[in-house]
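Chemist: Those protein sequence lines, which keep their order, are chains A and B.
The numbering of the first sequence is my numbering, which starts it at 1 and goes up by one.
The numbering of the second sequence is my numbering, which starts it at 253 and goes up by one.
Some hints could be false.
[What the hints assert, rightly or not] Taking lysine-lysine and the DSS-like style, the derived pairs with C-alpha atoms no more than 27 Å apart in a straight line are:
id : chain 1 : residue 1 : chain 2 : residue 2
1  : B       : LYS412    : B       : LYS496
2  : A       : LYS121    : A       : LYS83
3  : A       : LYS121    : B       : LYS332
4  : A       : LYS229    : A       : LYS83
5  : B       : LYS412    : A       : LYS121
6  : B       : LYS496    : A       : LYS83
7  : B       : LYS583    : A       : LYS121
8  : B       : LYS412    : B       : LYS332
9  : B       : LYS583    : B       : LYS496
10 : A       : LYS83     : A       : LYS235
FYI, nobody ran anything at the bench for these hints, they're computed from the structure.
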Amino acid sequence: MNVLRLPLVALSFLTFALQLLAAAHVCAQEVPPGTANTQALSELDPHRRPPSRRIESPERVILELRGGTYRVFPGEPYDTYFKSDSGPHLSVHADGILYREPNWFYVTLGGSFGWMRYTGKAQDAETGAPVGEETAMTVLPVTATAGFRFDALPRQLSIPFIFGVRVGWEWAHWSTTTGAIDDASGWSTGPVLSAQLALDLDTFERGGARALDEEWGINHTYIFGEIYKFIPTSKSLDLGGTNWVAGLGFVF
Amino acid sequence: MTCDGAARFASWSLAVLMLCAGPAKAQTEDDIDTSLSGTDSTTTDTSSTTTAGSSSSGTAGSTSVANGTVDGTTGTFTVKLLYAGGDADNHEQDYSEQASTTGYVIPINKASCDQGTIEVQLNGVNTAYLYLEPWYSTGSGQCNQGDRNTRVTSSQNCTKLSFAGDDSQGQISGRTRFNVVVNIGPVCAAGDGDKQLYFLALRSQNSSETTQSFGVLKFTVDTTGPTPATNLSSEPGETQIPLKWDAPADALTTSTAWIVVDPILAGEDQDSGVEDDAAVADDAGTDSDAGTTTDATDTSVQCPSSVLIANSTPDTSTLRDLEDQGELIIKRISPGSKESTTLDGRDFGLNVNLAAATVVIFDQAGNPSTMSNVVCVQVVDTTGFWDQYQANGGTAEPGCACSVPGARTGRFGFLAALPGLVLLGVCIARVRSRRRAR
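With these hints in hand, go ahead and build the complete structure from the sequences.
Modeler: And the structure:
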């Protein structure tokens, strides 16, 4: 858990730092106000007049770097071997923006790829006592989702909260080992649902946000927490449950 | 032309002539040796010879040879170490033509000293000389100086070494490049440290001979093994049996360690007083319950091994022979400072449930430490998540119509690419819609 929080916090600070740097860069390029030269340049030279409206690059993709715990395994034998293990679950999610109502909402279609691994002590087949070797399960979840993001609050009212939901399908490839032996591998599939609450970072530093857009093409940045639920089909290994992730998002 | 002008003309002409003539031709070794032919010269002549050596192989000279501090190329022909005997695997050294000119970097370990010989290659020997003699100095060095009588005096205290095998190795017989095998027993007997062997090319072997050509081989004798590993421990397992130990402080990242495993075949255990041993092995009469089927008072497991004995110095050649015969397993790990590994019980053989194990650490020269404590490795049947899942009546089956039990599917790529394909489709659709809009 703590290990997971660190990179998220670091990423958040990194984003803030990028914004601040970009803002400073923009400020450094501005003509000092209040001087005769400034006025003359602004009034006489049309190329140096400030833009009459904000210019943004087009928004095409949303990219999220995500991390969290994943403790879904209910009962035996999950508890026997992996009870004290909660992942971690690391993933990347990318959405293409199908439709954008400026300053109101997005409709997206995208997917994610993740990784999680659980290990525990194998048991003596006769006595049931833990032995030296490990048994492990590695899960590689892949999702395809459609999403809706409502960002009118930060854009219209400067309230820095964004809400999002996604619905889709997950294919989770799992493989299990005991010692040096590969026991089995397969797929768990089923629908996946998620709800996200994001904190819009642009609201706190608009100059930096604009500079990020101009220099990197990043329209918006946000940090988020998300609750999601994977519901495997009945024939799948039960990897489902309700879990959370947090991370850093970028709109390009 | 004035007198002054004539003088200038003369000096210019002289300069042009000198330039046309080119630099003075350096004297080759052969030139010098030829010039010395027939002069059974003294130490003064030796220095002349070594100067000649410098023309072909760099800085040289007996005058630079000073009591174990030889730097750079020494002598008038080169000496390379080809083989130092002993257990090659133990050595972990490549002696292929290691030149003597790089200082005392060539280690000669205990196995080599026990074997007692080294094979060297001499290159660039002048055929004007007839005899070759290897010498070793325990005194001030410089065995290339003086005649045979002064060479063995207390100041130089040189000892002539013998050739291993055929004495004809000492006959140069017109060869400029050849190999000889030398007994290094006296060198090793002098103890660990930096050593210099002088290979002297001589015109005669009488008492008044003096050296006219020589080569030097420098190496370090190191016969002391490193500190052994301690606190070796093991946990039961089947295919991934963990072993842990404490490596000594002098274990090197550049050396290796051996995990030596002696599988105990069924019926070989001498576990007097332990479980299920009635009527087997050597326990009859040794414990109070001999004759019974179980003796629950003692559940310890013992793995006696005639080869692996704690704190004993391993005979690495014997261990390797036993490994070749399939009676031992040696797992070589690197770096030698590592402190854990795993063993696969399947390597021990069918129906083998016990094995003795120890750790041997090697130093840079290839000397082994004594054996660590010997532990008993237990091979037990284990169950993991999947076994338990099935035993609990789990209904999921491996695969997804695209995999088989016990193996990774290897077809992950297609489904993993599915979201990417969806995104690609969306992008194409958007591009088309934009074109239509234009």
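Chemist: Checking each numbered hint in turn, tell me which of them this model violates, lowest number first.
Modeler: 1, 3 and 5
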